[in-house]
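Trainee: Protein sequence lines correspond, in order, to chains A, B and C.
Residue numbering for the first sequence follows the working numbering, beginning at 1 and increasing consecutively.
Residue numbering for the second sequence follows the working numbering, beginning at 1 and increasing consecutively.
Residue numbering for the third sequence follows the working numbering, beginning at 1 and increasing consecutively.
Bear in mind the hints are in silico, worked out from the structure with no lab data behind them.
Backbone N, C-alpha and C define an ideal beta-carbon position, used for all residues, glycine too.
One or more of the hints may lead you astray.
Said to hold, decoys possible - Computed beta-carbon distance windows for the label pairs: (1) C:Gly116 <-> A:Val180: 42 to 50 Å; (2) A:Val191 <-> B:Leu95: 22 to 30 Å; (3) C:Arg91 <-> A:Ala9: 36 to 44 Å; (4) A:Gly116 <-> C:Glu143: 33 to 41 Å.
Listed here are the chains, written in short residue letters.
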Amino acid sequence: MTSGDGLLAADLIGVAVFAASGASAGIAKRLDLFGVAFVGFVAALGGGILRDLVIGSVPPLAFADWRYAVTAVAAALLVFWLHPQLTRWRRPVLLLDASGLGLFTVTGTIKALDAGVPPVGACLIGMLTAIGGGLARDLLTGEIPVVLQRDFYALAALSGAILVTILRETGIADPLSMGVSALLITGVRLVALYRRWSAPVAAP
Amino acid sequence: MTSGDGLLAADLIGVAVFAASGASAGIAKRLDLFGVAFVGFVAALGGGILRDLVIGSVPPLAFADWRYAVTAVAAALLVFWLHPQLTRWRRPVLLLDASGLGLFTVTGTIKALDAGVPPVGACLIGMLTAIGGGLARDLLTGEIPVVLQRDFYALAALSGAILVTILRETGIADPLSMGVSALLITGVRLVALYRRWSAPVAAP
Amino acid sequence: MTSGDGLLAADLIGVAVFAASGASAGIAKRLDLFGVAFVGFVAALGGGILRDLVIGSVPPLAFADWRYAVTAVAAALLVFWLHPQLTRWRRPVLLLDASGLGLFTVTGTIKALDAGVPPVGACLIGMLTAIGGGLARDLLTGEIPVVLQRDFYALAALSGAILVTILRETGIADPLSMGVSALLITGVRLVALYRRWSAPVAAP
């Protein structure tokens, strides 16, 4: 297993977890089998599709490599059939979701920088890669996106994207430092969850 | 009239029907003249715009060929002025909508394959071309997309996209087989409507 | 200060005003600090991002030039902290919003024509540049877009886009005539506001 294989495996784990979050939201809204699979697909791959459109990498990876779509749909269908047993899995799902956040932020930021996007734009694209799927999931199921309302989710991604960009601009962006960056984002997200950190709401 | 003219005419009929469905949804939500025309435009051309962005064909056909936008807006305005008389047209509209579904699936899948998208991605893009406009229509009018909730609409499109891809990969994709594929999708959709087929909903 | 500087300054004023409108909508929905900044960003830059994707200019200006994102986020954060004092600013905000409408329509139409989009498509893209951000703002905050429901907002933009396109096609599109076009759109929008012009709603 090479480092490229490792990256792909990690990427597909993120896809599966985000697809499961989309499928759960679809089931809660009583969508049918197709709706659950579709919201799972969008939650898993919507952020990456947006990233690829914005950096001009077409067709987006979600359509160019069949393993992404198949992983997303398979994970969504598993949740569709198994979901009554899934309620006790809440903790591992939150852990995997935080891992997906870290991973998608790092790969999104790197791909934007590689495509020649300047630093500020690359940070934004890295963050959008990580939160875009969840945003689309909430819009499709008729909710105001939860990432805009509370928690310390997008800000963990944005901080990580800034870190990755600084590491790249200073020339010390090896696979190790990128892996540590993803772990840091995941860690910040988990600490924020555990300590109930939240961004402030405006005074009334 | 050449076969290209025939294809264009068929395409514009699909555009007009989907625009009418968007305009009806806009009128039901008490949108103004502009809103009705806009939702009609998006319902008719949103799927094709998404397809063209994803395969890198810019500007999308909806902006590059004025006949598409003019057809969509004209159909939406006709519905705006005539809609009280339209209630008895429910059956022909469902028939035309099923034809649009078949046609947009076939042309979307072919364009994706022609642009070099691999088979799985091309099937997804073909289906998105057919259902994307209706999805956007429902989001703009504040509804959870109906295509995610019930019926056998997207799955008819997806099955058709798979058929078209198999025909193309095996080299037997002449205009006749493509026309038959569009008719098959339309037929499956109509049978599903008549027999009230629906994809299952998850157990509670 | 060159004419290019003047155009950039005017563009950034439009960005700031639209970001403020997005931030206000986010505060009204009790979004947190990040949500308010994000809706501000999308309201200010969503129309331009859509325009750039459609004309194939990637990465979109919102990601390629840091001044756009920084202006949008700074304006949104100012509104987040100052909003209780902002209620008496309603009139200047409506004035600035109308200016943004005029400016974004003119620059959007010109960029589309420069990218080789034919006249009808360029008019639509010019209008979408001006109304796209507000549309996305309303979708993110769970509202049916106000631009589809009442007022004479999008039609002012569309009329202006047609004027700009005619001026360009007849070869008399110097900076002066473009500035006058932007002022005309702004003026029509303000007169419509003052006289309560509205597009008609369909008969029940």
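Trainee: Honestly, which of those hints from before does the structure not fit?
Mentor: 2 and 3
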